[in-house]
Amino acid sequence: MAVLEQSVNLGEVKYSQNEDVLVCYGLGSCVGVVIYDSYTKIAAMGHVVLPTNSKGDQNTQATSYFAVDKSPARYADSGVWYLFENLLKKGAKKNNLKAKIAGGASVLAIPIFDKGSNAEIGQRNLSIVKKVLDEIKVPLVAEDVGGNKGRTMRFYNEDARVEISTVGAIKKLL
Amino acid sequence: MDKDAKKIKAGLAILGEVVEIGLKKAGQSLGEISGREISIEGPGLEITSLEKFINLAGGPDTLVAAVYLTVSGDFEGHLLLLIPIVQVPELIQMILGESEDNSYSLEDEVNRSLLGELGNIVGTSFLNIMGNKLEMIMLPSIPYVLTDFAGSILSSLAVQTTTVGEESWEQILVVNTKFIEISKKIQGFFLLLPQPGTLNQFLNKVVTKKHGST
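One line per chain: the protein sequences are A and B, in this order. Note that the first sequence covers residues 1 to 174 in our numbering. Note that the second sequence covers residues 1 to 214 in our numbering.
Warning: the hint list may mix true and false statements.
Which stretches of chain B does chain A cover? Using the computed rule of at least three CB atoms under 8 Å from a CB of chain A, they are [stated by the list, open to error]:
hint	segment
1	51-61
2	143-149
Result set (SDA-like, lysine to any residue): computed pairs, CA atoms no more than 20 Å apart in a straight line [said to hold, decoys possible]:
hint	chain 1	residue 1	chain 2	residue 2
3	B	K52	A	N9
4	A	K171	B	D61
5	A	K14	A	K98
It is worth saying that the hints were derived from the structure and are not from the lab. In this text, a Cβ means the ideal position worked out from N, Cα and C, and glycines have one as well.
Chain B extracted, bound-state conformation (with noise of 0.2 Å):
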């Protein structure tokens, strides 16, 4: 294996073990505010192929509401909470409680702010941890919440993150996880993709850091 390799994969093993950590934390933060226990679940970091990360929120055809926020500074990226839009009242209600006024749909501003905060809050907290970890800069933009077929959203996704090249073509890296309330209720996948061109940059500074100077 040559240096660069070595050093990309020891830089992965860095991250993921940040990725963990800050996942936890993500977790915990939406615990805190839904007044709910959360559990985390999910292979984290991994390397999956692009007709794997289409169907990773219940397959293409799905209905999500996602909350979709890019990352800039010492790491470019993309990060994206899906949630099945079925499940959507559900998890307003989780948060604001019952309410008579409330329609729970997102068409309603206050509901959508709510699920545009949400993901600010697990985003913000989640770069947060991975920054200070790392010491590095990782900062989240404001939120964009959006509803659409999963398929579209990821599709899109993953061809903004996929250089044209063949070699990552069948690769995509992703933090890929989902949240679950302890009910069983609600599900989300919260999924964080690395600008390429910017990643190996990345995983070199990791490297150093934690090393020092190599």
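Same shape as in the complex, but just chain A (with noise of 0.2 Å):
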């Protein structure tokens, strides 16, 4: 079988149960996160624009609302539960399962402008996406984040690679 290349957009969540490959295209302050399976093969991307839920809803948990919703990854803190519920849900095994991340720069953070706090919306995600993985308690086994640069990342199912992509740089492997 032809191996595909599916692509993650922004708030979007994509599963590989093959040797499908799972990419976020050119992630700035925004996070991709991967958590995978690498005893079923079960693995799901999410692509992370957000830190919160603007509603203010405390409880962090996926509820059904997002599972209707066409962007469930849109927030760090619902979207990762998501990741993880919906993971469960397609038979992946709960002390199976790693995480790797990739993203949170800070591409128009520019030193000599006067930045107001949204300037740290990469941190602010990096943040909070790794709080909600030690609350599901699923190890961050690689991350590359961070800095001023933008990547794209690739997920391969087959041995649960990553592979990172930056302008001006040779390609990372985490």
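Starting from the two chains in their separate frames, assemble the complex, guided by the hints.
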């Protein structure tokens, strides 16, 4: 079977249960989160855009509301929960799950400009993603985060490797 | 339609007209420094979805050179000039002429400043016209030149200008234009995004200036 590359757009979640490659193109302040089970070969990637749900929902667990939403990974808090719960539904085993993340850069946070609170969105996205991973006890085994350069993140389900492309640098393996 | 919505709509209509004039002037300025004929295409002022916005400059994975300026004064927002990186050497050649000494690379400080200056001229002439027509002050910052994936730049900008609310997620107000050199070799994208939270106030001012106090 031909290997397919599935593009995970802003706020989206995509799954791979075969050799399909999951990819987040052009991550800036957004964070690409992949959670996978190497034994059952079930993986999910989410393209997180913003730190928290603006509705001020204190309950970070994904609800049925997010299941029908076309961008379930829009927010870091509900998005990571959504990945986790749907992987388990698809048959992944909780104790096998591992996570890799990339992104959260400050592409436009330029020191010469006076910046508002939005400048640290990348950092806030990262801290919420890590906090939820901690809550659901999924170990974060690799990351390529921060800085001021954008990234394209590819996840290869065949061996759970992540490939990071950055402008002006050689490809990095996670 | 309530009074506020009417005012916003009226403000957007006036803004649309002024933007068009401003873009023409910016195109002329670009033509003058490059000694080429530049045509301006695109919808101008429009409301677009985040998804379309991310794909504006040829897809999120396209490598671009960007000139980024912030705008302050009566209008707060962001100006962005995007040029696919493969076209940068040609653009530099167009302005500086051919030179054996020039690598045409953006690693070269001279070329970087040249590109920054280009963004500066386009942005400033555009903002000057807008400011004059609307009788408002619009001040560009100094230009910042960066190279990155189009998606990384556009999504970061969208996130900065998107309030976290659901309603604005799908809608981004943007001046969306392409500058095309007449021989069609070079294509750049010129974008202006207002900073939310200040837009309604700005549109109110626009309407009030035009029609007197309401």
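Each hint, compared with the structure:
1. 51-61: It holds, with 5 qualifying residues against the three required.
2. 143-149: holds (count 5)
3. B:K52 - A:N9: Answer holds: B:K52 to A:N9 is near 11 Å, not above 20 Å.
4. A:K171 - B:D61: holds, 15 Å
5. A:K14 - A:K98: holds, 16 Å
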